[in-house]
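Numbering (full-length UniProt numbering), first residue to last: 1 to 196.
No wet-lab data here; the hints were simulated from the structure. Treat the hints with care, since some could be wrong.
Stated by the list, open to error - List of simulated lysine to any residue pairs, SDA-like, C-alpha gap at most 20 Å: (1) Lys22 <-> Glu81; (2) Lys46 <-> Glu81; (3) Lys46 <-> Leu79; (4) Lys22 <-> Gly74; (5) Lys22 <-> Ser37; (6) Lys46 <-> Gly29; (7) Lys22 <-> Leu79; (8) Lys22 <-> Gly40; (9) Lys22 <-> Ile99; (10) Lys46 <-> Glu91.
Stated by the list, open to error - Pair by pair, the computed Cβ-Cβ distance ranges are: (11) Asp17 <-> Pro191: 14 to 24 Å; (12) Arg195 <-> Ala19: 19 to 29 Å; (13) Ala19 <-> Ser75: 53 to 63 Å; (14) Lys22 <-> Asp76: 50 to 60 Å; (15) Ser26 <-> Pro192: 36 to 46 Å; (16) Gly12 <-> Asp189: 14 to 24 Å; (17) Ile105 <-> Asn53: 20 to 30 Å; (18) Gly23 <-> Met194: 40 to 50 Å; (19) Pro192 <-> Gly29: 35 to 45 Å; (20) Gly78 <-> Gly29: 32 to 42 Å; (21) Leu13 <-> Arg195: 57 to 67 Å; (22) Asp96 <-> Asp189: 24 to 34 Å.
Where is the CB? At the ideal position from N, CA and C, for every residue including glycine.
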Amino acid sequence: MQGITDLITTPGLINVDFADVKGVMSNAGSALMGIGSARGEGRALKAAEIAINSPLLEASMEGAQGVLMSIAGGSDLGLFEINEAASLVQEAAHQDANIIFGTVIDDSLGDEVRITVIAAGFAATGLGRKPIIGSGESSNSSHTGQTIAPGKHGKVTSTLFEPADAVSVPVPTNGATVSVGGDDDDDVDVPPFMRR
């Protein structure tokens, strides 16, 4: 949670805000987050590798449709390093992925580069997880031996959502006289600025 909060609240050279987080994560299903940091030569590339292969990522981020990446480093952080790290993350994601990155200059990090990656929008099999098969009868099978495939979407064919025919409903007037029709409606049909 701290990583997402820092992404949103910390001002940077290239800001990542709540709209970016929402854009990547909304309606995207599962999301994975990885954080990596490194020092020395090739620090941005090493930090990106650590973030992609982070133990927080229970599976590979390969095939992610949306990726949010934040690179934080000292004032000596160069554009070449940022480009290297972004290219590595781009290779790991889906070829048509929406990749949003931000850069924060934080001199308190010294020569350390810290990269936070949030990946979302995986295909149904994109996470590489296998279902756990328990003992006994599966809850996804019926008595006829047919299996129910999770994640299948069908068309709603219910007439519940079809428009109904117009129905005339009497409206109580509580003894008041209501005139319907007549020539007095002409003033109502003309906007006030046009009446003269």
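A quick look at each hint next to the structure:
Restraint check: the Cα-Cα separation between Lys22 and Glu81 comes to about 27 Å, which exceeds 20 Å; the hinted pair is violated. Between Lys46 and Glu81 the CA atoms are separated by roughly 10 Å; this keeps the pair inside 20 Å, and the hint holds. Restraint check: the Cα-Cα separation between Lys46 and Leu79 comes to about 16 Å, which is no more than 20 Å; the hinted pair holds. Restraint check for Lys22 and Gly74: not satisfied, since their Cα atoms lie roughly 27 Å apart, outside the 20 Å limit.
With a C-alpha separation of about 25 Å, the suggested pair Lys22 and Ser37 falls outside the 20 Å cut-off, and the hint is violated. A hinted pair counts as satisfied when its Cα atoms are at most 20 Å apart, and Lys46 with Gly29 does not qualify at roughly 28 Å. Simply put, Lys22 and Leu79 have alpha-carbon atoms about 26 Å apart, too far for the 20 Å limit, and the pair is violated. Restraint check for Lys22 and Gly40: not satisfied, since their Cα atoms lie roughly 34 Å apart, outside the 20 Å limit.
A hinted pair counts as satisfied when its Cα atoms are at most 20 Å apart, and Lys22 with Ile99 qualifies at roughly 13 Å. Pair hint Lys46 plus Glu91 holds up; C-alpha atoms about 15 Å apart against a cutoff of 20 Å. Between Asp17 and Pro191 the Cβ separation comes to about 43 Å, which falls outside the hinted range of 14 to 24 Å. Distance hint check for Arg195 and Ala19: the Cβ-Cβ separation is about 46 Å, which falls outside the suggested range of 19 to 29 Å.
Distance hint check: the CB atoms of Ala19 and Ser75 are about 27 Å apart, inconsistent with the given range 53 to 63 Å. About 32 Å separates the C-beta atoms of Lys22 and Asp76, a value inconsistent with the hinted range of 50 to 60 Å. Between Ser26 and Pro192 the beta carbons are some 44 Å apart, a value that agrees with the proposed interval 36 to 46 Å. For Gly12 and Asp189, the hinted distance range of 14 to 24 Å is not satisfied, since their beta carbons lie about 58 Å from each other.
A hinted range of 20 to 30 Å holds for the C-beta pair Ile105 and Asn53, which are about 26 Å apart. At roughly 45 Å, the beta-carbon separation of Gly23 and Met194 lies within the given 40 to 50 Å, and the hint holds. For the pair Pro192 and Gly29, the supplied restraint of 35 to 45 Å is violated, since their beta-carbon distance comes to about 53 Å. Look at Gly78 against Gly29: about 35 Å separates their beta carbons, and that is inside 32 to 42 Å.
At about 59 Å, the beta-carbon gap between Leu13 and Arg195 stays in the expected band of 57 to 67 Å. Between Asp96 and Asp189 the CB atoms are about 53 Å apart, so this pair departs from the stated range of 24 to 34 Å.
Violation of the numbered hints given earlier is confined to hints 1, 4, 5, 6, 7, 8, 11, 12, 13, 14, 16, 19, 22; the remaining hints are satisfied by the structure.
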